[in-house]
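**Student:** Put chain B on the given structure of chain A with help from the hints.
What follows is each chain in one-letter form.
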Amino acid sequence: MKYVLMFCETEQWEKDWAAMDQAGRDAGFAKVQDWLARYSDKITHNRKLSDAHTATTVRLEAEGPLVTDGPFVEGKEVVSGYVEVEVADLDEALRMAKDWPACPLVEIRPVLM
Amino acid sequence: MNSPVSGSAEMELARVVRDHAGRLAAALVSLLGDFAAAEDLVADAVLAALERWPVEGVPERPDAWLFTVARRRGMDVLRRQARYQDKLAQLRWPVTPEPGNRLRLIFTCCHPALPRESRIALTLRVVCGLTTAQIASAFLVRESTVAQRITRAKRKITDAGIPYRIPAADELGERLGEVLAVVYLLFNEGYLASGSDVAEHRDLTEDAEWLAGLLDGLMPTEPEVTGLLALIRLHRARAAARFDGEGNLIRLSDQDRGRWDHEAIAGATRLLTRAALHRRPGPYQLQAAIVACHAEAKTWADTDWPQIVILYDLLLARAPSPVTRLHRAIALRQVAGAEVALTELVAVAGPLDRYHLFHATRAELLRELGHPAQARAADRRALELTSNPAEQAVLRRRLHNS
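Going down the list, the sequences are from chains A and B.
Under my numbering, the first residue of the first sequence carries the number 1, and numbering increases by one thereafter.
Under my numbering, the first residue of the second sequence carries the number 114, and numbering increases by one thereafter.
Heads up, none of these hints are tricks.
Cross-link-like lysine-lysine pairs, in silico, DSSO-like; alpha carbons within 27 Å at most:
# : chain 1 : residue 1 : chain 2 : residue 2
1 : B       : 269       : A       : 42
2 : A       : 15        : A       : 48
3 : A       : 2         : A       : 98
4 : B       : 269       : A       : 2
5 : A       : 98        : B       : 269
6 : A       : 98        : A       : 15
7 : A       : 42        : A       : 98
8 : B       : 269       : B       : 200
9 : A       : 2         : A       : 48
Keep in mind the hints are simulated off the structure, nothing from the lab.
Extracted from the complex, chain B is given alone in its bound form:
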């Protein structure tokens, strides 16, 4: 989109669209009971806004503007269908804030009967108000692919009878897990990709933070939701120090901690304390607690490593994973030394053989233990396995200097 507005105005515009489009979508779906029809109306309104606002300026009441466009378009398209027409005619803006509607919408978009890529695309489209073009550019896939995923997902929602509702209490845990997984994947996608062409790509971590914040507002008593929000905010608070001027990745131990957003870190830590009051720890709260340990340390050496190892143990007890064991081994090195850490690493060698961080970590430990030749071989293996240019640069530098 060729837009005369500056970057920050464009972000503001995205925020307005996201906020009101999601609310409008929720209201329309609950009114029409037809997911696909409601989503089409909102998508058209959002598209119109993205085309016209940058040229004409953001209207004084952007919400009412979106509503009017969606309603007018709805009347046109659905004139033949009396059922919708009557209902649409009854619809008034502002829609009374009904948090339940938006939650129902999110749970429908993240239903486990839909493929995961579709859940992500549908959530970004319907809840965040992104266009297919924006979603496509964020994930580096063709726009037609995104459009197809969304179309198929909408068809399945209707044809397979996927309900538009918040799951009952006994299934909420499992289903909320699916929703949080979508937000977490979105965040990771943005976080890992943020090294390359930052200016070109939409910041998915911002969308993820917004979604997590929305969920936290809608379900304030679910501690894992709060935990995920804290986790995302903690990572984002340290983002400014992650890359140098040339886009090279800076390791946590070498980052300039003065560039971290300490106010945001304190806020996220307060969220975590609020979540802990429920006494229902889960993987997101534990991961956030680990990141908080790093974020609160004045220096790398000051980090509370024993606490981090304990948190990893708790995390492994709930969500066993070889990658988590790898990270635990890195912390263990600070507490018990390189030899103990290397022994721990050997235990996960099988499942992580194709993971570059495993080999890079192994290289560091081998170098520390005085095996430079083996260390170089491990670094070379790591270099083969990563396609992220920032990580490749770190490894090349290391091979060059050793």
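Only chain A is shown next, with the shape it has when bound in the complex:
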């Protein structure tokens, strides 16, 4: 089955990241690279997204589309990247998510098509 793992950043996580020195951030990136390499045979696609402040939202309303700035929900948690994986079942996707070394929230969704 195909799943998308969505990685979400929280306010606290962003603060901690901002407070880190370059060596700390490099180590963080290296862990993510390790993770991607370890599961390279399962990962079909992966992207890191730009920060939430770059987001633009289009609301498709009855009176016509409404374009606003900002992410689609005024949330404190924002999706910051995703991977698409091809694995046997939810448990295998869960195992990958539990190993994820970066931001503290991962949502797993099966891909419909």
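**Tutor:** Below, chain B alone, put in the same frame as chain A:
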């Protein structure tokens, strides 16, 4: 259900259904690879049994009866789906006992990606063969709510790709914990509710004991499973002494120990010894050991309190919880006196402020230390916080007498 059979015959019937329905469900799921379809077939067969057996009598071979109904129904429903039809046609009863199938079924029903209420409902339905009506009456919720929970859970199992398998060795500990938590919750639900309308409600503690026994038979080398089974049996062995004729709760210290089932207590203690041989103590074994200390004491005064305090310390080291600290404080009072116990209690006042037992215990200690006014205030607070009629009665009596 209007049933001409007596209570005990009905229990026997439930046991037969539970035993064979779970086995049949496991066989069908592993054969069809489709959880929802298999579960529907079994549910229909169970429903037919619950309607017809009380009228026609339990068939000579209840297992074969259930199997035939499920298979016939399956052929009807799935005629359009050739894949199932071929497979169903190959299915023969008796299904060779494959303990793995039933375990896989239980792990699927208790998957952490399902909401906890759904895990409980699904396990009762699929593994124990209960109908949605029975589950609803046991939990005092509407039947439609239970049906909805089960439908949603089945849909999620299929759509999210929740696998039908026993977890690998490295995840077994965590996942087994989820399964045991479901059985334990089921037991607690039954144990706490058993004071009110006993005759009306299904005895969930019996279902929990049956499930724990099934798990213990399927995984005899997992000591926490054995520990949970021992814990449930120890509690059930003392059930007859917990309430008086009017349904009032009798405290452990006042119970007539002659009414305890001492044979069952000895059996549960042997289970605990068997679990201990694995040298992997866990929260259920420790809780069972504490209950065993109480169950083996000839009188309240005879209880091995120092041992109980040690067991609570071990339990707290593994599973810290304010409620456990409260119970430890109650034991500590017997070893070190009310003043020490009260100091210990103050430490958990924050998290337990809305827990009636905390205030009731505090009241007892304050009364013992000669502060009757504060004790009455604490008892009143406890009374506000509990909705269980048996516990309310104990507190009212105490307020009246003090």
